[in-house]
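Residue numbers (our numbering), protein chains in the order written: chain A, 1 to 265; chain B, 1 to 301.
These are computed hints drawn from the structure, not numbers from a lab.
Keep in mind that the hints are not guaranteed to be accurate.
[Said to hold, decoys possible] Okay, the calculated bits of chain B under chain A, using three or more residues with CB under 8 Å as the criterion: (1) 16-25; (2) 54-61; (3) 70-78; (4) 83-91.
Glycine included, C-beta positions come from ideal geometry on N, C-alpha and C.
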Amino acid sequence: MLLANPFTKALWDARRSIVGWGLTIGGIAVMYTAFYPSISKPSFAEALKNYPESIKKAFNMQDLTTPQGYLESYIFGLMVPILLAVFVIISGTRAIAGDEEAGTLDLILAHPASRPGVLLSRLAALVTEVLIICGVVYVLLLAIAGPTKISPVGAGHIAAATIQLAFFGILFAALTLGVGAATGRRAAAIGTGVAVMVLGWFANSLAPQVHGLEWAQRLSPFHYYLGGQPLVNGFDPGGSAVLLGVAAVVVVAGLVRFRSRDLAV
Amino acid sequence: MADLAIHTDQLTKMYGSRRGLAGLDLSVTTGEVYGFLGPNGAGKTTTIRVLLDLIRPTSGRVELLGGDPRQDGVALRRRIGYLPGDFTVDGRQSVTELLTYLGNLRGGVPRARMTALAERLDLDLTARFRSLSKGNRQKVGLVQAFMHAPELLILDEPTSGLDPLVQQTFLSMVREARAAGQTVFMSSHVMSEVQQTADRVGIVREGRMVVVERVEDLRERAVRQVEIHFEDPVSAEEFAALPGVSDVTVDQNVLRCRLDGRADALVKAAAKHTVIGLRSEEPDLEELFVTYYRGADDAAR
Numbered sequence: 001m002l003l004a005n006p007f008t009k010a011l012w013d014a015r016r017s018i019v020g021w022g023l024t025i026g027g028i029a030v031m032y033t034a035f036y037p038s039i040s041k042p043s044f045a046e047a048l049k050n051y052p053e054s055i056k057k058a059f060n061m062q063d064l065t066t067p068q069g070y071l072e073s074y075i076f077g078l079m080v081p082i083l084l085a086v087f088v089i090i091s092g093t094r095a096i097a098g099d100e101e102a103g104t105l106d107l108i109l110a111h112p113a114s115r116p117g118v119l120l121s122r123l124a125a126l127v128t129e130v131l132i133i134c135g136v137v138y139v140l141l142l143a144i145a146g147p148t149k150i151s152p153v154g155a156g157h158i159a160a161a162t163i164q165l166a167f168f169g170i171l172f173a174a175l176t177l178g179v180g181a182a183t184g185r186r187a188a189a190i191g192t193g194v195a196v197m198v199l200g201w202f203a204n205s206l207a208p209q210v211h212g213l214e215w216a217q218r219l220s221p222f223h224y225y226l227g228g229q230p231l232v233n234g235f236d237p238g239g240s241a242v243l244l245g246v247a248a249v250v251v252v253a254g255l256v257r258f259r260s261r262d263l264a265v
Numbered sequence: 001m002a003d004l005a006i007h008t009d010q011l012t013k014m015y016g017s018r019r020g021l022a023g024l025d026l027s028v029t030t031g032e033v034y035g036f037l038g039p040n041g042a043g044k045t046t047t048i049r050v051l052l053d054l055i056r057p058t059s060g061r062v063e064l065l066g067g068d069p070r071q072d073g074v075a076l077r078r079r080i081g082y083l084p085g086d087f088t089v090d091g092r093q094s095v096t097e098l099l100t101y102l103g104n105l106r107g108g109v110p111r112a113r114m115t116a117l118a119e120r121l122d123l124d125l126t127a128r129f130r131s132l133s134k135g136n137r138q139k140v141g142l143v144q145a146f147m148h149a150p151e152l153l154i155l156d157e158p159t160s161g162l163d164p165l166v167q168q169t170f171l172s173m174v175r176e177a178r179a180a181g182q183t184v185f186m187s188s189h190v191m192s193e194v195q196q197t198a199d200r201v202g203i204v205r206e207g208r209m210v211v212v213e214r215v216e217d218l219r220e221r222a223v224r225q226v227e228i229h230f231e232d233p234v235s236a237e238e239f240a241a242l243p244g245v246s247d248v249t250v251d252q253n254v255l256r257c258r259l260d261g262r263a264d265a266l267v268k269a270a271a272k273h274t275v276i277g278l279r280s281e282e283p284d285l286e287e288l289f290v291t292y293y294r295g296a297d298d299a300a301r
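Same shape as in the complex, but just chain B (with noise of 0.2 Å):
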């Protein structure tokens, strides 16, 4: 299909008689952000790899920007940005040099890019790699990844290492992407790194999806708190047997509960009364991302 970024279709990949992929199905839409997530071990960067085609699978098919990894290699990967799960190159070199010669491979990137990249993340293009945090290393990757505006970027645990600021850069960088048409498709194994950004996340184990969501029926479906602040006293009577809503508690003119699901039949009773303000936590998806193992586990044994 040619809307499709990437299509795998029951991919297989065995390393001698272990598992590494065992007839994974993943599709990734054109303009999305696609967040690949699973435990350590689970097969996302055995995927990744077989997409660059720097491993080859035992078995089952790859379709990746209309066309295939083994055949079109060099011309597919030239449309796309990697950046790898351990970004080491050979540290002698200074970041500008490193920077220059893939750029070269790719048939050349504007400076003015490169810079105003390294710029963002707060990186020195000076620097000699191997004097580089570990962090920092991950920006030179991020940039190399980026640098040239790829159809696809396919990023294998981007955030690995960054402090809380430049993932922050990190994030604004991918919803520009998506803004200007790009398609990304990044792994973690932290359901927060994604859900700010993924439109779906597809979750791996022990090389199968195990579910594919949309994040924002994720969010409607997850648990949160919320706590409304309202100008009279209130009854938790009132509240408790409403549709999703559990744990209320009132004290005073405060009401406090736990949220399941769509928040329709709490605002509409709230409503009622007059609310001075309402707070509701952002849903933990990091919950049902391990509640989905769990059931993963259950339906297995």
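The following block holds chain A by itself, in its conformation from the complex (with noise of 0.2 Å):
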């Protein structure tokens, strides 16, 4: 039963939104996706020649004619992390610190149910709807891959690629849940998780090409989900372990604070 514990009812409680933002981010995968076939032709290899070469390397479009180079960019690079990362922040920001403002974790708090064991749990919610929302592109995207001609990246490396997409997620859900236990603030859980995202998104593309700046782009999610590029070379451990190292710092934190502060009225 979906009732029956922290856990399985976040998780009924996300069952819309779970539909909701899963076809919204599967739907704009397979779109771009499918916008392949046009690009890779030479002519449009022709006209991004005379794009100025830093739009190109903000974008990741210097490689538009590989199937690689195209998802890495359009897909995995832009449109589907921050969508994800929109729909974490906003479900983050939720689970502790909205419903806090709205008066209703007193409630659970004062049954039998540990704050730790909460947060947990709804932490536990969350990076399952990451999973299912990174579940869905995946199936979506090998779907339509002979039609679209992106069959030649691999299955595998698509998965790498969709995994660290998941990790990417889950350190959104990290730090919007723990600086929402951590001060039972949404402005501060929903600030720092756009602030990441926006900052995390211009130190990766624009900083690299900034003399002196290069070392900002080491503090970017972006950077450790997609540095390695998955869908060339397969899963990044490396990447990986950052994204969920930093999230579990992150989690600890927060809790350690959660469990000590007063619950706001």
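Take the two lone chains and join them into the complex the hints point to.
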């Protein structure tokens, strides 16, 4: 039964949002991929030559004519991770800080439920939601791989990129839940999530082109998500370890503060 | 002490520099109904949230059902039913869905108990929470607090929003809880809400306990209007000098007076005549409650 515990209840409450976001993100991935056959034509590559180099680098467009390059820049490099991060930031903020500000967390924690238990259950639910949405993206990409001519990438490498996409999403889940649990404020949780997403994107795409700012790329979650080029090289254990490691640290820090602080009225 | 369901000792809670509680001593005996009275902002909700470990005291000791809310929180809360002062939940779920989930957090509650309570309070279990009126939302809060028959009920302003009929149902639920050996700790800012069921009341003001009294003792001391109908006319002088009796008026064979304290002398004096009827108004403890406030006010000055 889906009302059995805080984990299944959180999934049950998220059922509509899982379907909505799953279809949106999956749909966007399919739509963009469907353009690949027309972009991979030599005429488009010719047109692209005239783009300024910095723009091409920023949007990861150096190599749009190979399916790996196209998927990396358009599907896995921009729309899909940004939309996934937005979904996670909204859900992760609601999970603790949103409920606390709405006054509904009081009742749950007045029940025989521990604070770590509730926080970890809701994190587990959000991680599950991320995995479901990434699973939808993966299945859809495989389904259209033939007609859209992206098959040469290989199911294994698409899987590797999708798994790292999930880790990228999990980092944002940890971030918003952790900050929300530590502060009890929605604004803090949303602000942190959005700031890391936006600054992280710029740090990964623009900073490497600015002399003296190259180091900033190493602070970006995008770098650890796609920097190892999973679509070309397969699964990147190092980058994945950084994403999950930071996620774990943030959750533990949030948990420590959450356990000891007063719940807001 | 084992026979205390709730015990606090010099409980203090500061919100920054703002006072929440200023050394509150509270003792609720196992099996009693305790009315926790005070004006808005006196510290009632703060006390309750400390008991449930939602907030942590600045200093002082808390003991709940023989345990420490901080250390044994989960185990203790299993034995408690709690109605928050502002009962809010995610409004998209149905009442059944909500109650099932809350019951499951407690390891499951028999569905029959849920429906029996809902029926008694005339609550529609299929409704979405959002669509319910304030009173009906409060009923949901009551059902979730009572449904697992907890050892200790902590109710923050339980009757707010309830119509008089449901208030009566609530009062009988409290009486039944006491009869079953459950302890009830309920807060209110209106004496009349608790005087009908409470064994004792504690009045809290500015984070401190001002007075703790048995309701019976309060009643005994309270001023009430008495009206006695005699068969034959009586004289006012005969009654005016009696202890506790004042404002005596006689209209033929009907005597009206104010009675302060015990009724013994008045009854015995009246018994010398043939009494047809006797009416004594339920003492207005509210007045007494306000007096305590003023008293505390004056003492503070």
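Status of the hints after comparison with the structure:
1. Given as covered by chain A, the segment 16-25 of chain B fails the check, having 0 residues with a CB less than 8 Å from a CB of that chain where 3 are the minimum.
2. For the segment 54-61 of chain B, the assignment as covered by chain A holds, since 3 residues bring a beta-carbon within under 8 Å of that chain's beta-carbons and 3 suffice.
3. Figure legend: the segment 70-78 of chain B, annotated as covered by chain A; annotation consistent (5 residues with Cβ-Cβ distances under 8 Å, at least 3 required).
4. Given as covered by chain A, the segment 83-91 of chain B passes the check, having 6 residues with a CB less than 8 Å from a CB of that chain where 3 are the minimum.
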